[in-house]
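J.: The whole structure should be built from the sequences, with the hints applied where relevant.
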Amino acid sequence: MKLNSSTVARLAFVLYIFFIFFGTALPFQEKLASADDISSSNVFSQFIYSTIYLLAGVALFTKRRALAAFIRREKCLTLFLLWCLLTVLWSDFPMTSFKRWMQAFGSFVVLTAALLHFDSPENALDNIKKILLVYLPLSLLAVLFVYEATQWEFPAWRGLAPSKNWLGQITLTSVIVWSSFWSQKNTRRKWLGAVFFAISLILLLGSKSTTSMLALGVVAVSAAFLAFERRMAQLGVGYFLSLFLLGAVSFLLLLAAWENIDVKATFFDALGKDATFTDRIFLWTAVIENAQQHVLTGGGFDGFWVVGNEEMDYMYKKFVWLPNQAHNGYIDMLNEIGVIGVGLFLLVICNFFIALAKLQSPQIWKWFIVAALIVNLQESTFFRFNAVSGIMFTLGYLAVFRQRQLQNRQRENRHMSSEQPNTEPAPTLR
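Sequential numbering of the sequence shown, starting at 7, is according to the numbering used here.
Be aware that one or more of the hints could be misleading.
As the list claims (entries may be wrong) - Restricting the straight-line Cα-Cα distance to at most 20 Å, the calculated cross-link-like pairs of lysine to aspartate or glutamate (DMTMM-like) are:
(1) Lys-372 to Glu-154
(2) Lys-191 to Glu-128
(3) Lys-372 to Asp-132
(4) Lys-323 to Glu-295
Stated by the list, open to error - Label-pair restraints from in silico Cβ distances:
(5) Ser-56 to Gln-366: 37 to 45 Å
(6) Ser-56 to Asn-10: 21 to 29 Å
(7) Ile-360 to Asp-125: 44 to 52 Å
(8) Asp-98 to Leu-365: 39 to 47 Å
(9) Ser-169 to Phe-234: 34 to 42 Å
(10) Leu-144 to Gly-349: 22 to 30 Å
What the hints contain is simulated information worked out from the structure, not anything from laboratory work. No residue lacks a Cβ here, since even glycine has one placed at the ideal position from N, Cα and C.
T.: Right, here's the structure in full:
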């Protein structure tokens with residue numbers, strides 16, 4: 007195999023996704039017992055990811071002109087990452103913040119290098135599917151035959167993942183990746199996709215990850231609604247249907263209020279949660295109070311949940327389950343990069359959906375964005391090291407802009423072809 011920049015970029019991407027799913031530590035590890043366990047580093051992990059980032063950086067350097075054009079088109083995520091880097095300057099733990107920013111930036115480098123070298127962003131999904139072909143059966147076998155693959159305090163499955171919520175994010179991603187099986191024309195691929203879609207769904211339900219299941223529910227309902235609306239739009243009633251459904255939902259909520267139905271309690275009972283989200287609401291309050299000390303600029307990118315931080319140590323006296331995140335990506339973002347950072351992030355989201363609307367065909371990438379937006383209501387995964395839904399958020403965002411770049415290039419090529427002068431010699435009159 008010829009080792010060129012395209013091969014290096016593909017290798018870096020495959021290795022990156024492989025270790026994101028499988029991890030770099032042995033599976034079936036015990037839960038954290040003390041705060042000291044959080045700070046312990048994995049030398050093997052540092053070596054693996056440093057090597058992957060280096061490979062991707064070399065491959066990306068060969069595409070520097072294409073990268074410059076890509077960043078000019080994309081802009082917002084790059085600006086957001088630059089602001090995150092700037093907040094390192096006033097972090098209480100600048101070296102830790104910088105290292106964690108480098109991990110987030112490394113993810114950006116790996117994903118961008120792959121997308122710029124792939125013929126199509128769909129190649130990224132093909133490579134993810136190959137990894138899932140191995141990961142899903144092994145996780146299912148682990149659940150069936152390995153005692154430690156189940157968290158018995160819930161009980162819930164975790165398979166090869168460190169926790170049930172981690173397995174929930176992986177299988178949520180897998181359900182979305184395999185959801186296109188029904189549109190496959192090849193019968194073998196259709197059946198293969200259907201089988202792995204079913205395995206993904208079984209593992210997701212077994213994980214009892216409420217957040218991931220809720221995210222899947224939102225994605226499924228949204229996808230069904232959009233598909234139905236497109237069909238109705240062909241009959242000229244698409245917008246009428248949207249208004250009708252909105253009115254119907256509003257009417258049901260008003261009826262519930264009129265009949266004194268406790269919608270809130272019913273909702274939480276259905277999710278298997280209490281109204282405090284298993285005490286998370288108290289954690290959110292504590293983190294928001296800390297964020298008020300630096301509400302505009304934040305306390306420094308990913309620089310709060312650091313062993314040795316007095317504020318975090320104080321929280322551990324109250325929250326004995328040793329949280330290493332606020333369990334809400336938006337609150338963590340407010341605390342770490344401030345209102346300015348949150349505003350830039352909202353700009354990233356708006357920029358994505360504007361770009362998505364300009365694509366000529368429906369794209370699967372939007373569902374990774376929607377899923378991550380829901381997951382981060384209960385987990386902090388945006389631009390976090392090894393966080394599956396956060397990485398798929400970044401991949402989905404970049405993939406849409408790469409698709410737009412390729413779409414515009416094809417349009418320009420067709421335009422140039424149509425304007426090519428006729429070089430055939432003109433007929434002479436005799």
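J.: Where does the structure disagree with the numbered hints, that is, which hint numbers, in rising order?
T.: 1, 7, 10
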